[in-house]
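Residue numbers (full-length UniProt numbering): 1 to 274.
I should point out that these hints are in silico values taken from the structure, not numbers from a laboratory. Treat the numbers as computed from the prediction; the structure is a model and nothing was measured. Virtual Cβ for every residue (Gly too), placed ideally from N, Cα, C. Hints are not guaranteed to be accurate.
Claimed, not checked - Computed list of lysine to aspartate or glutamate pairs in EDC-like fashion (alpha-carbon distance at most 20 Å, straight line):
id, residue 1, residue 2
1, K145, E246
2, K29, E46
3, K10, E139
4, K29, E54
5, K101, D119
6, K10, D26
7, K101, E54
8, K206, E174
9, K56, E46
10, K10, E138
11, K145, D91
12, K206, D242
13, K260, D242
14, K145, D119
15, K101, D91
16, K145, D92
17, K10, D119
18, K206, D192
19, K101, E147
20, K56, D44
21, K227, D192
22, K10, D91
23, K10, E23
24, K260, E250
25, K260, E246
26, K227, E174
27, K261, E250
28, K29, D44
29, K227, E193
30, K206, E182
As the list claims (entries may be wrong) - What follows is a set of in silico ranges between Cβ atoms, one per label pair, in the way DEER data are often shown:
id, residue 1, residue 2, range
31, R219, V28, 44 to 50 Å
32, E11, S201, 17 to 23 Å
33, N134, T74, 41 to 47 Å
34, S190, F263, 24 to 30 Å
35, G272, E193, 35 to 41 Å
36, N70, F157, 24 to 30 Å
37, M215, R170, 56 to 62 Å
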Amino acid sequence: MVLPRALAGKEVGPAYVHVYENELHDTVKCRVTSTHHAISFLFDGEKTVCFADETKQLAGQEAILFPAGNCLMTERRPQRGAYRSVVLFFDDTLLAGFLAKHASVSGSERASGFIFGQDPFILHFAASLRLLHNQPSEEALLFLKVEEILTYLTLRFSGSFPAFLHGIARRSAEGTFRRIVESNSFNRLSLDELAFLCHMSVSTFKRRFESVYGMGPSRWFHAQRMKQAAILLRHGSARPSDIHLELGYENLSSFIQAFKKEFGVTPRAYQGQD
1 MVLPRALAGK EVGPAYVHVY ENELHDTVKC RVTSTHHAIS FLFDGEKTVC FADETKQLAG
61 QEAILFPAGN CLMTERRPQR GAYRSVVLFF DDTLLAGFLA KHASVSGSER ASGFIFGQDP
121 FILHFAASLR LLHNQPSEEA LLFLKVEEIL TYLTLRFSGS FPAFLHGIAR RSAEGTFRRI
181 VESNSFNRLS LDELAFLCHM SVSTFKRRFE SVYGMGPSRW FHAQRMKQAA ILLRHGSARP
241 SDIHLELGYE NLSSFIQAFK KEFGVTPRAY QGQD
């Protein structure tokens with residue numbers, strides 16, 4: 001299930017709210033890929049969210065902020081009545097805008113979900129989201145609601161919440177960086193061009209690259225090209241002359257030379273090995 005698209009039935013903008021009730025099924029389990037960060041305000045029932053590195057559990061009158069990404073979600077309705085919640089989704093642009101506006105907010109905690117109790121302010125806030133659902137001015141007002149709840153939580157949990165926000169912002173930025181780099185593994189772009197696509201200077205790009213991949217760009221791109229070349233030659237019928245351009249080499253001789261230096265044999269000889 002891809003959220004919030006699956007709930008809205010269409011692609012959504014930077015912010016979206018969904019009012020959810022389930023009175024038919026005792027337990028609902030699903031695999032979730034969320035393209036937005038989300039705050040789930042639980043009114044009745046129980047929710048378990050399993051991330052890659054930890055599991056979070058919450059019951060009625062609790063809420064959780066979880067970042068965009070994959071998780072396993074289980075929702076259980078109470079013995080009497082329906083499972084009820086309101087979910088506020090917001091994207092990276094709104095999070096980045098909030099952090100930029102509140103320059104004093106800092107930290108770097110890496111956690112998968114932030115659970116908090118719903119005090120009277122938050123209960124009224126969640127109720128106001130229900131009123132906004134499906135209203136003509138919903139999106140414009142939701143931008144303000146995202147700002148409002150993030151500001152309140154920053155003030156209420158001044159030690160841990162700002163650090164959590166910076167942690168998910170950094171994680172999202174790293175994911176974007178990886179997608180740009182890895183989608184251009186074989187395009188033979190210059191460092192200047194890659195840095196431009198990442199909205200960075202070349203020096204910042206190099207530092208980020210080594211932080212993310214543990215090695216310099218040249219070494220990493222070379223390793224990816226050689227790995228892919230070995231796969232294509234060993235498991236397919238492609239000839240070296242067929243794949244050198246695909247792998248980002250401008251001419252066949254430079255590809256053969258790089259391959260032989262890496263594996264000790266020419267591509268043709270490697271292909272003929274058992």
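Hints, one by one, checked against the model:
{"no.": "1", "hint": "K145 / E246", "result": "violated, 48 Å"}
{"no.": "2", "hint": "K29 / E46", "result": "holds, 12 Å"}
{"no.": "3", "hint": "K10 / E139", "result": "holds, 14 Å"}
{"no.": "4", "hint": "K29 / E54", "result": "holds, 17 Å"}
{"no.": "5", "hint": "K101 / D119", "result": "violated, 26 Å"}
{"no.": "6", "hint": "K10 / D26", "result": "violated, 27 Å"}
{"no.": "7", "hint": "K101 / E54", "result": "violated, 30 Å"}
{"no.": "8", "hint": "K206 / E174", "result": "holds, 14 Å"}
{"no.": "9", "hint": "K56 / E46", "result": "holds, 11 Å"}
{"no.": "10", "hint": "K10 / E138", "result": "holds, 16 Å"}
{"no.": "11", "hint": "K145 / D91", "result": "holds, 13 Å"}
{"no.": "12", "hint": "K206 / D242", "result": "violated, 32 Å"}
{"no.": "13", "hint": "K260 / D242", "result": "holds, 17 Å"}
{"no.": "14", "hint": "K145 / D119", "result": "holds, 17 Å"}
{"no.": "15", "hint": "K101 / D91", "result": "holds, 16 Å"}
{"no.": "16", "hint": "K145 / D92", "result": "holds, 15 Å"}
{"no.": "17", "hint": "K10 / D119", "result": "violated, 33 Å"}
{"no.": "18", "hint": "K206 / D192", "result": "holds, 10 Å"}
{"no.": "19", "hint": "K101 / E147", "result": "holds, 10 Å"}
{"no.": "20", "hint": "K56 / D44", "result": "holds, 17 Å"}
{"no.": "21", "hint": "K227 / D192", "result": "violated, 24 Å"}
{"no.": "22", "hint": "K10 / D91", "result": "holds, 16 Å"}
{"no.": "23", "hint": "K10 / E23", "result": "violated, 24 Å"}
{"no.": "24", "hint": "K260 / E250", "result": "holds, 17 Å"}
{"no.": "25", "hint": "K260 / E246", "result": "holds, 18 Å"}
{"no.": "26", "hint": "K227 / E174", "result": "violated, 23 Å"}
{"no.": "27", "hint": "K261 / E250", "result": "holds, 17 Å"}
{"no.": "28", "hint": "K29 / D44", "result": "holds, 17 Å"}
{"no.": "29", "hint": "K227 / E193", "result": "violated, 23 Å"}
{"no.": "30", "hint": "K206 / E182", "result": "holds, 15 Å"}
{"no.": "31", "hint": "R219 / V28: 44 to 50 Å", "result": "holds, 47 Å"}
{"no.": "32", "hint": "E11 / S201: 17 to 23 Å", "result": "violated, 33 Å"}
{"no.": "33", "hint": "N134 / T74: 41 to 47 Å", "result": "violated, 27 Å"}
{"no.": "34", "hint": "S190 / F263: 24 to 30 Å", "result": "holds, 26 Å"}
{"no.": "35", "hint": "G272 / E193: 35 to 41 Å", "result": "holds, 37 Å"}
{"no.": "36", "hint": "N70 / F157: 24 to 30 Å", "result": "holds, 25 Å"}
{"no.": "37", "hint": "M215 / R170: 56 to 62 Å", "result": "violated, 20 Å"}
Checked against the numbered hints given earlier, this structure breaks hints 1, 5, 6, 7, 12, 17, 21, 23, 26, 29, 32, 33 and 37; the rest are met.
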